[in-house]
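There are 2 protein chains.
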Amino acid sequence: MYSMTKKIHFYKYQGTGNDFVITSDIYQITTQQIQLLCDRKFGIGADGVIVMKKDSSVDFDMMYYNADGSESFCGNGSRCAVMHAKFLGWISDQCSFNSNDGQHEASINNELVNLKMHDVIEVGSSGQDFIANTGSPHYIRFQDTLNLDIVSPAKEIRYSNEFKEEGINVNFVVSKDDSLQIRTYERGVEDETLSCGTGVTASVIAEYVKSQHSGSDYYRKVETEGGMLAVSFTKTELGFQNIYLIGPAVQVFSGEIGI
Amino acid sequence: MYSMTKKIHFYKYQGTGNDFVITSDIYQITTQQIQLLCDRKFGIGADGVIVMKKDSSVDFDMMYYNADGSESFCGNGSRCAVMHAKFLGWISDQCSFNSNDGQHEASINNELVNLKMHDVIEVGSSGQDFIANTGSPHYIRFQDTLNLDIVSPAKEIRYSNEFKEEGINVNFVVSKDDSLQIRTYERGVEDETLSCGTGVTASVIAEYVKSQHSGSDYYRKVETEGGMLAVSFTKTELGFQNIYLIGPAVQVFSGEIGI
Numbered sequence: 001m002y003s004m005t006k007k008i009h010f011y012k013y014q015g016t017g018n019d020f021v022i023t024s025d026i027y028q029i030t031t032q033q034i035q036l037l038c039d040r041k042f043g044i045g046a047d048g049v050i051v052m053k054k055d056s057s058v059d060f061d062m063m064y065y066n067a068d069g070s071e072s073f074c075g076n077g078s079r080c081a082v083m084h085a086k087f088l089g090w091i092s093d094q095c096s097f098n099s100n101d102g103q104h105e106a107s108i109n110n111e112l113v114n115l116k117m118h119d120v121i122e123v124g125s126s127g128q129d130f131i132a133n134t135g136s137p138h139y140i141r142f143q144d145t146l147n148l149d150i151v152s153p154a155k156e157i158r159y160s161n162e163f164k165e166e167g168i169n170v171n172f173v174v175s176k177d178d179s180l181q182i183r184t185y186e187r188g189v190e191d192e193t194l195s196c197g198t199g200v201t202a203s204v205i206a207e208y209v210k211s212q213h214s215g216s217d218y219y220r221k222v223e224t225e226g227g228m229l230a231v232s233f234t235k236t237e238l239g240f241q242n243i244y245l246i247g248p249a250v251q252v253f254s255g256e257i258g259i
Numbered sequence: 001m002y003s004m005t006k007k008i009h010f011y012k013y014q015g016t017g018n019d020f021v022i023t024s025d026i027y028q029i030t031t032q033q034i035q036l037l038c039d040r041k042f043g044i045g046a047d048g049v050i051v052m053k054k055d056s057s058v059d060f061d062m063m064y065y066n067a068d069g070s071e072s073f074c075g076n077g078s079r080c081a082v083m084h085a086k087f088l089g090w091i092s093d094q095c096s097f098n099s100n101d102g103q104h105e106a107s108i109n110n111e112l113v114n115l116k117m118h119d120v121i122e123v124g125s126s127g128q129d130f131i132a133n134t135g136s137p138h139y140i141r142f143q144d145t146l147n148l149d150i151v152s153p154a155k156e157i158r159y160s161n162e163f164k165e166e167g168i169n170v171n172f173v174v175s176k177d178d179s180l181q182i183r184t185y186e187r188g189v190e191d192e193t194l195s196c197g198t199g200v201t202a203s204v205i206a207e208y209v210k211s212q213h214s215g216s217d218y219y220r221k222v223e224t225e226g227g228m229l230a231v232s233f234t235k236t237e238l239g240f241q242n243i244y245l246i247g248p249a250v251q252v253f254s255g256e257i258g259i
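These protein sequence lines map, in sequence, to chains A and B. Letter 179 of the first sequence, counting from 1, is numbered 179 in my numbering, and no numbers are missing. Letter 202 of the second sequence, counting from 1, is numbered 202 in my numbering, and no numbers are missing.
These are calculated hints, taken from the structure and not from any lab test. Just so it is clear, the structure is predicted and the values come from calculations on it, not from any experiment. There could be a bad hint or two in this list.
No copy labels: a pair is met if it fits in one copy or bridges any two.
[Unchecked claim] With a straight-line Cα cutoff of 20 angstroms, these simulated SDA-like cross-link-like pairs (lysine to any residue) come out:
1. K6 with Q251
2. K41 with G227
3. K221 with V250
4. K7 with V250
5. K6 with S254
6. K41 with E256
7. K41 with V189
8. K41 with S254
9. K155 with E190
10. K41 with V250
11. K41 with E223
Kindly generate the complete structure, drawing on both the sequences and the hints.
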C-alpha cells in the first residue's frame with residue numbers, strides 16, 4: 001500500500017449470494033477505486049460497491065456501482081444498504097432513501113428487508129417470452145426444468161441483434177406450486193450470478209401476466225441459486241404497483257483497506 | 001451472525017494473485033470454518049487460509065489449508081505468512097518457521113520474500129515433459145507459445161490413468177531469454193490459478209534439466225498470470241539445493257469476522 005492511499009472502513013454484505021462492499025467513509029468514488037474494491041484477488045471482492053451518506057430530505061442517499069464501475073439500480077444491493085443503515089443507527093425499521101433511479105421506501109421485519117421497487121407500467125413479450133424493466137431490463141423465459149448450462153442460451157438472447165447494444169439480463173424460470181425457481185444471467189457481469197433482485201421481481205410480474213391471474217394482489221416466493229426471496233405487488237389499471245422485493249441481507253465481515 | 005460465533009481478526013494477503021486469509025487469533029480451525037473463510041460470496045474469499053502462532057524453537061509455526069479444507073504446503077502462502085510475521089513484529093528480516101511439510105527459512109529484501117524450499121532430489125520425465133515434487137507434485141510441459149485454453153489440455157493430463165487418483169498440478173511453460181512464462185492448472189482447485197509458487201519452482205528446475213545447463217548456480221525470473229516471481233538454486237551431486245522462491249507478498253486489507 002502506498003502513502004497516497006486513503007484508509008477507509010468498509011462492511012461486506014451479501015443478499016442471497018449477491019455480495020457488496022458498503023462504505024460511508026467516502027461518497028465520491030472513482031472507477032479505478034470501484035474496480036479495486038471489487039477485485040476478488042487484489043482487492044476485497046464483490047459484485048458491486050455501495051456508498052452511503054445521511055441526507056436531510058430522506059433518511060440516506062446511496063449510490064450503487066457494478067464491479068466494472070458502471071452505475072445501476074440494484075435490488076439486492078439496496079436491501080443490504082437498508083440493513084446497514086439500521087446497523088449504523090441511521091434508521092429504525094422504516095426508511096426512505098435515494099438511489100441511482102430515485103427515491104425508494106423500505107422496512108425491516110424479522111431480519112427481512114422489504115424494499116419498495118418502482119412501479120412497472122407494462123410487460124412486453126417476445127414470442128413465448130417476456131420483457132420487463134424493474135430498474136434494469138430483463139428477459140424472462142419460462143421452462144419446465146432448468147438447464148445445467150444457462151450461460152449459452154442466455155448469451156444467444158443477450159447478444160441477439162435486438163439486445164446486443166444495450167444488453168439485457170436473462171432469466172430462466174420454472175413455476176412451481178410453492179415458489180418460482182430462477183437462474184439469472186447478468187449483463188455487465190456477462191455470466192450467471194447467484195441472485196438478481198430486479199430479475200426476481202421481473203420474473204414474478206411476468207408469471208402474473210403469463211398465468212392470467214384474476215386477483216389484484218400477488219405474492220410469490222422465489223428460489224434463487226443464493227437463497228430465498230419473495231415478491232409482492234398489486235395490479236391496478238395503471239400497471240404493477242406497491243411492488244416489494246423481500247429477503248435477507250447479511251453483514252458478513254467488516255474491515256479497513258487503503259484505496 | 002449467530003451468538004455462538006467467535007469474532008476473529010484477520011488479514012488478507014496476496015502473492016502474485018494467489019490470495020490468503022491469515023489469522024493468529026486461532027490456530028485450531030475446522031474444515032467448515034476454512035470453507036466459510038474462503039467462500040467468495042458468503043465469507044471473505046481466498047485460495048487458502050493460514051493460521052500462525054509464535055513458537056519457542058523457531059520464529060513461528062504456520063499451517064496452510066486449501067479452500068476445501070485440505071492441508072498442503074503452499075509457496076506463495078508461506079511468503080505471505082513471512083511478510084505478515086514481520087508486520088506483527090515477530091521477526092525482522094530473517095526467520096525460520098515450521099509449515100505443513102517441516103521447517104523453512106526465509107528472508108525479506110526490498111519488499112520481496114525469499115523463501116527457502118525443500119531440496120529436490122530428482123526430476124522425472126514423461127515423454128518430452130517433466131515431473132517434479134516441490135512440496136506438491138507438478139507436471140511441466142514446455143511449449144513454443146501458451147494456448148488460450150490451458151484447462152482442457154491440463155485436465156487430460158491430471159485425469160489420465162497415471163495421475164487421476166492422487167492428482168497433479170499441470171504447468172505450461174515457455175522459455176524466453178529474460179524469463180519463463182508460465183500458466184498453471186491446480187488440482188484441488190481444478191482450474192487455472194493466477195500463480196502457483198511450487199509450480200514456478202518446479203518449472204525452473206525442469207528448465208535447468210531440459211536445457212542441460214552446465215553451471216551449478218541457476219536464477220530465472222518467472223512471469224505468472226498474477227505477476228513476477230523468481231527462482232534460484234544450486235545443483236549439486238545431491239540434487240537441487242538452496243532453492244529459493246522470490247517475490248512480493250502484499251497485505252490487501254484487514255478485518256473482523258465471526259466464525
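task: Indicate which option fits the pair K155, E190 if close means a Cα-Cα distance not exceeding 20 angstroms: within, between, both or neither.
output: For K155 and E190, only the intra-copy Cα distance (8 angstroms) is at most 20 angstroms; the inter-copy one is 25 angstroms.
- prompt: Between the shortest in-copy and the shortest cross-copy C-alpha distance, which are at most 20 angstroms for K6 and S254: within, between, both, or neither?
  reply: Intra 17 angstroms, inter 14 angstroms, cutoff 20 angstroms: intra and inter.
query: For the identical chains here, do K41 and E256 meet the 20 angstroms Cα criterion within one copy, between copies, both, or neither?
result: both (16 angstroms within a copy, 18 angstroms between copies)
query: From the Cα coordinates, with 20 angstroms as the cut-off, is the pair K221 and V250 best called within, between, both, or neither?
result: within (19 angstroms within a copy, 44 angstroms between copies)
query: Which holds for K41 with V189 at a C-alpha limit of 20 angstroms: within a copy, between copies, both or neither?
result: both (16 angstroms within a copy, 15 angstroms between copies)
task: Using 20 angstroms as the alpha carbon limit, work out where K41 and E223 are close: within a copy, between copies, both or neither.
output: Intra 29 angstroms, inter 17 angstroms, cutoff 20 angstroms: inter-copy only.
message: As a check of your reading, is K7 near V250 (CA-CA no more than 20 angstroms) within one copy, between copies, both or neither?
response: between (24 angstroms within a copy, 16 angstroms between copies)
query: For the identical chains here, do K41 and S254 meet the 20 angstroms Cα criterion within one copy, between copies, both, or neither?
result: For K41 and S254, both the intra-copy (17 angstroms) and inter-copy (14 angstroms) Cα distances are at most 20 angstroms.
- prompt: When no copy is specified for K41 and V250, does a C-alpha distance of 20 angstroms or less occur within a copy, between copies, both, or neither?
  reply: Answer is between: at 11 angstroms across copies they meet the 20 angstroms cutoff, but 22 angstroms inside does not.
- prompt: Within a copy, between copies, both or neither: where do K41 and G227 come within 20 angstroms Cα-Cα?
  reply: Between. Shortest inter-copy distance 12 angstroms satisfies the 20 angstroms Cα cut-off; intra-copy 25 angstroms does not.
field: Same-copy or cross-copy closeness of K6 to Q251 [CA-CA at most 20 angstroms]
entry: Between copies only: 15 angstroms across chains, 23 angstroms inside a chain, cut-off 20 angstroms.
Violation of the numbered hints given earlier is absent; every hint is satisfied by the structure.
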